[in-house]
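Peer 1: For reference, the chains in residue letters:
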Amino acid sequence: MMPAETTKTSAMTGFVARTQTPSEWRAVTASILTLVEEATFDVTSEGITFRAMDPSHVALVDLFWPSSGFEKFECTKADKFTVRVEDFTKLVRRAESKDSIEISRQATDSLVMKLGSRREFELHLIESNQSNTPLPKLSFNSKFTIIEPAFDRVLNDISVVSSHITIETKKDTITFSGKGDTGKATVTLDRAGQDIPELDVKEESKATYSIEYLLKITKAAGSASDMINFEYSSKMPLRMEFKLGEASKGGRIHFYLAPRVQE
Amino acid sequence: MGVNLRDIAEPKKISLEDLKGRSLAIDAFNTLYQFLSIIRGESGDLLKDSKGNVTSHLSGLFYRSMNLLDIGIKLVYIFDGEPPKLKHAEILRRAEIKKEAASLYTEAVARNDLVAAKRYASATAYLDKAMIQDSKKLLDLMGIPWIQAPSEGEATAAHLAKNGMVDYAASQDYDSLLFGAPRLARNVTISGKRKLPNRNIRVDVIPETVVLQDVLTENGISQEQLIEIALILGTDFNHPDFKGIGPATALKLVKKYGKIDDIPELKDKIKFDPLEIREIFLHPLVVTPSRSELEERPPQKEEIFDYLCKEHDFSEDRIKSSFAKLEEKKKVESQSLEQWFR
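Keeping their order, the protein sequence lines are chains L and R. Each residue of the first sequence is one higher than the last, beginning at 1 in the working numbering. Each residue of the second sequence is one higher than the last, beginning at 1001 in the working numbering.
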């Protein structure tokens, strides 16, 4: 009698989370894949969160995905699960663009992923050796919203001459620039243009960042959102925000990046 | 030496840049032996300073470590302590091979056969106490942490990787996997063009990694079973010499029967104590360093010039330029987010 009882109770702990399309999970897994090999997700009745830095502690991804951002979300007891990101990503990639993705866990050491209604995978979870990652304490003097293809183009322009990009905001303009052995590149965007729906400069700011990190995250997280919210201050880390799904109730990925040592 | 698990633990080729930002616990003895056998002149003679001191190990340690630091890889070297008693037979066996190689080398030099001389020379590589002291001193000057293991260096390296204190155990030997290292990196300190021993061709030595969990999953075995397979194939602690049993057969037998002493065709031929060897791999003697012991410190450049250039005749220009290169790299690097956590 006892074992049956135990099984029944434990079957009630766990969670189910379903999204209508694979686009959010694609962006989430691709973003995490740019940073770490193993990822621990926290699941509570509020939703799913994840936070980690890359091994050199230059970049940080902070995922907040509220239950309202899912088509179906149930969580009876707070839970954590750790996966090899590459394996998890492979499963997500198996989804076709119209497939729903449902992940669930019923008190086992596996995660069940259903693609559409007929395809089911079981992914073995791994042991977590994750440590708690704090968030950097920052105040931002410059904010702007840039459309994703425009930012992608800027990055690719500057990367022709440099591995770093300097971002300078003035009241009505943003200047992206870089210089290297072969020459210089400058892209100026202004408030009136369509590429920058929003620009808010409390204080003129200028900082330099690695293009490699920015290209990777823009490609990964940008797939789910058309706009990127960008915040930074002079010689300080930047924060990029990518929305997941509908802006009002969906989740978001925050990406933090430390500036370059030398201006 | 160590067990050869390549057939069942296929490594994945990587580039050193893939390890950027990662940390390695490097098996120091294993690496220094590599330097002593590889870093040699045309006729196989070791690099020496004007006073006749061997400097191959220092050259390898300095330039190879700088190369890894340049990429942004964090290092800690792990030095062997007292070998387990069971390794004594293996140590004697190796000494015997070296003695033989040494006399073949002398003969080859005498008859002016440089190709043969070089071949035998690399097999004579011998790491003495002074070289170990030299190496520790150089690491101290370079600000690279090193740890004295109580016993096998690989065991402590695996222990650090297992506890998340480093990302990889780095060694040429697969034994790290037997000690439970979740990730093994090979060829990191010797990558580049290398002449194959005994053959006159040059090959690319490419860094590679092995993930323990993948090895276990792909073969459908447990960590304990992996150790049983190694016992059949032979480790540093036993030389079973079961005729005609390679990795594939060993895998099959272990999957079918479990432990080596339960395998009908082998159990009567075991001339060693499996229990004792299992114990070495499953519960090795290791040390847990503090976080601060694993931290990099700034290099003492003046002292390094004195030590390598004045004492051991290294080229000052070359040492200077490798520091300049590293500093240039540091300048354009991104800062760590950590300073904004406070």
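Wrong hints could be hidden among the right ones.
To be verified - Restricting the straight-line Cα-Cα distance to at most 25 Å, the calculated cross-link-like pairs of lysine-lysine (PhoX-like) are:
#, chain 1, residue 1, chain 2, residue 2
1, L, Lys179, L, Lys90
2, L, Lys184, R, Lys1331
3, R, Lys1162, L, Lys80
4, L, Lys216, R, Lys1012
5, L, Lys216, R, Lys1099
6, L, Lys143, L, Lys171
7, L, Lys137, L, Lys202
8, L, Lys184, R, Lys1325
9, R, Lys1330, L, Lys179
10, L, Lys179, R, Lys1331
11, L, Lys235, R, Lys1329
12, R, Lys1331, L, Lys206
13, R, Lys1320, L, Lys216
14, L, Lys170, L, Lys143
15, L, Lys235, R, Lys1162
16, R, Lys1136, R, Lys1320
17, R, Lys1020, L, Lys179
18, L, Lys216, R, Lys1329
19, L, Lys206, R, Lys1330
20, L, Lys90, L, Lys219
21, L, Lys90, R, Lys1325
22, R, Lys1136, L, Lys235
As the list claims (entries may be wrong) - Pairwise CB distance ranges, derived in the manner of DEER restraints:
#, chain 1, residue 1, chain 2, residue 2, range
23, L, His124, R, Lys1136, 56 to 62 Å
24, R, Glu1303, L, Thr44, 35 to 41 Å
25, L, Thr76, R, Gly1258, 19 to 25 Å
Unchecked claim - Which residues of chain R face chain L? A partial, calculated answer using Cβ under 7 Å:
#, residue
26, Gly1021
27, Lys1099
28, Gly1164
29, Gln1335
Just so you know, these hints were derived from the structure itself, not from any lab. Beta carbons: idealized from backbone N, C-alpha and C, even for Gly.
Peer 1: Each hint: holds or not?
Peer 2: Status of each hint after checking the structure:
For the hint pairing Lys179 (chain L) with Lys90 (chain L), the CA-to-CA distance comes to about 38 Å; that exceeds 25 Å, so the pair is violated. A C-alpha spacing of about 19 Å is found between Lys184 (chain L) and Lys1331 (chain R), which places the hinted pair at or below 25 Å, so the restraint holds. Our distance criterion of 25 Å between C-alpha atoms is met by Lys1162 (chain R) and Lys80 (chain L), whose separation comes to about 21 Å. The straight-line distance between the Cα atoms of Lys216 (chain L) and Lys1012 (chain R) is roughly 23 Å, inside the 25 Å bound, and the hint therefore holds.
A C-alpha spacing of about 55 Å is found between Lys216 (chain L) and Lys1099 (chain R), which places the hinted pair above 25 Å, so the restraint is violated. Between Lys143 (chain L) and Lys171 (chain L), the direct Cα distance comes to roughly 11 Å. Compliance with the 25 Å bound is thereby established for this hinted pair. Using a Cα cut-off of 25 Å, the hinted pair Lys137 (chain L) and Lys202 (chain L) holds, with the two alpha carbons roughly 18 Å apart. A hinted pair counts as satisfied when its Cα atoms are at most 25 Å apart, and Lys184 (chain L) with Lys1325 (chain R) qualifies at roughly 23 Å.
Taken as a hint, the Lys1330 (chain R) and Lys179 (chain L) pair is honoured in the structure, with Cα atoms around 18 Å apart against an allowance of 25 Å. With a CA separation close to 15 Å, the supplied pair Lys179 (chain L) and Lys1331 (chain R) stays within the 25 Å bound. Proximity of Lys235 (chain L) to Lys1329 (chain R) is assessed by CA-CA distance (about 19 Å); at most 25 Å being required, the pair is judged to hold. The straight-line distance between the Cα atoms of Lys1331 (chain R) and Lys206 (chain L) is roughly 18 Å, inside the 25 Å bound, and the hint therefore holds.
Annotation: proposed proximity of Lys1320 (chain R) to Lys216 (chain L) is violated, straight-line Cα distance about 35 Å (limit 25 Å). In summary, the hint linking Lys170 (chain L) to Lys143 (chain L) is supported, as the alpha carbons are separated by about 11 Å, within the 25 Å threshold. For the given pair, Lys235 (chain L) sits about 37 Å from Lys1162 (chain R) by alpha-carbon distance, which is inconsistent with the 25 Å threshold. With a CA separation close to 21 Å, the supplied pair Lys1136 (chain R) and Lys1320 (chain R) stays within the 25 Å bound.
Proposed proximity of Lys1020 (chain R) and Lys179 (chain L) is supported: the alpha carbons are some 24 Å apart, at most 25 Å. Pair hint Lys216 (chain L) plus Lys1329 (chain R) holds up; C-alpha atoms about 21 Å apart against a cutoff of 25 Å. Between the alpha carbons of Lys206 (chain L) and Lys1330 (chain R) the distance comes to roughly 21 Å, so the proposed pair stays at or under 25 Å and holds. A threshold of 25 Å between alpha carbons decides the hint, and for Lys90 (chain L) with Lys219 (chain L) the separation of about 17 Å falls inside it, so the pair holds.
Restraint check for Lys90 (chain L) and Lys1325 (chain R): the C-alpha separation of about 39 Å exceeds 25 Å, so the hint is violated. The suggested pairing of Lys1136 (chain R) with Lys235 (chain L) is violated, with an alpha-carbon distance near 39 Å, which exceeds 25 Å. The given range of 56 to 62 Å is broken by His124 (chain L) and Lys1136 (chain R), whose C-beta atoms sit roughly 42 Å from each other. Under the hint 35 to 41 Å, the C-beta atoms of Glu1303 (chain R) and Thr44 (chain L), about 54 Å apart, miss the expected range.
Between Thr76 (chain L) and Gly1258 (chain R) the beta carbons are some 40 Å apart, a value that contradicts the proposed interval 19 to 25 Å. With a least beta-carbon distance of about 3 Å to chain L, the hint placing Gly1021 (chain R) at the interface is held under the 7 Å criterion. With a least beta-carbon distance of about 45 Å to chain L, the hint placing Lys1099 (chain R) at the interface is violated under the 7 Å criterion. Contact between Gly1164 (chain R) and chain L, as hinted, is supported at the beta carbon level, the nearest pair being about 4 Å apart and thus within 7 Å.
Satisfaction of the interface hint for Gln1335 (chain R) is found here, the shortest Cβ-Cβ separation to chain L being roughly 5 Å, below the 7 Å cut-off.
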